[in-house]
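Quick note on numbering: full-length UniProt numbering labels position 80 of the sequence shown as 80, and the sequence is numbered without any gaps.
These are calculated hints, taken from the structure and not from any lab test.
For glycine and all other residues, C-beta sits at the position ideal for the given N, C-alpha and C.
Be a bit skeptical, because a hint or two may be false.
[To be verified] FRET-style restraints, in silico, Cβ to Cβ:
| id | residue 1 | residue 2 | range |
| --- | --- | --- | --- |
| 1 | I4 | L127 | 33 to 41 angstroms |
| 2 | M1 | D257 | 21 to 29 angstroms |
| 3 | A216 | E39 | 43 to 51 angstroms |
| 4 | D59 | I2 | 44 to 52 angstroms |
| 5 | D88 | A122 | 24 to 32 angstroms |
| 6 | E163 | D88 | 35 to 43 angstroms |
| 7 | T6 | V54 | 32 to 40 angstroms |
| 8 | V230 | G119 | 40 to 48 angstroms |
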Amino acid sequence: MIEILTPAELVRARKTGALVADILQSLRGRARVGTNLLELDRWAREMILDAGAVSCYVDYAPSFGRGPFGHYICTAVNDAVLHGLPHDHALAEGDLLTLDLAVVLDGVAADSAISFVVGETAPPESLAMIETTERALAAGIAAAGPGARIGDLSSAIGTVLSEAGYPINVEFGGHGIGSTMHQDPHISNTGRAGRGYKLRPGLLLALEPWIMADTAELVTDPDGWTLRSVTGCRTAHSEHTIAITETGAEIMTLPTDSAR
């Protein structure tokens, strides 16, 4: 299913996106050495419910997971990169943490992810990975606009990732979003320009470049959810929800001034 949102729905999408971004920024500020992943999940739950929003994850039960997910945020540490199931784990100095959050507010969903290093020690290799995913995300957004094709976004993202020397996994990528979290079209993190679905104003997309330092192969934890690099290398993931407008693309998941 591909949804095209009305102007009124796009107004609501901005509110949902700001909520997601503000929650992520709040959790980033609380994620210190010794913070437990279950604490982050509890704080996410409180902020989502206080805002009158609904988690996209608690009842999420796709074919590839061991569902339902049962938590409010994905927390992926170091070699974990996607669908990180919160568990009893205290963050350590230098951990590379990815927080991925999706909620529905007033009938419209938004999805975003951030990666950052916990504590005062930031390995240069980890910072380089995070910066690469952020640049790839910016390139994908810059390629988006009315009349562009999905392949244009995939090509822009993949060019940044491959030129930085990272292998690219094509099993999981970006996606359409609207009244539900995951919709068509799929947006691979590499591809050929000029191919695929033509973008139209009102379309919401979640772009999410993610990488692993030395492999493109994933392995699933016994929890049935958490995806890790098969080699145990570190990973990074950046994501924004964007809206296609008449003139380009608008980022929905930017924090409000009070959360910056």
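Status of the hints after comparison with the structure:
no.	hint	in the structure
1	I4 to L127: 33 to 41 angstroms	holds (38 angstroms)
2	M1 to D257: 21 to 29 angstroms	violated (35 angstroms)
3	A216 to E39: 43 to 51 angstroms	violated (32 angstroms)
4	D59 to I2: 44 to 52 angstroms	violated (23 angstroms)
5	D88 to A122: 24 to 32 angstroms	holds (25 angstroms)
6	E163 to D88: 35 to 43 angstroms	holds (39 angstroms)
7	T6 to V54: 32 to 40 angstroms	violated (21 angstroms)
8	V230 to G119: 40 to 48 angstroms	violated (27 angstroms)
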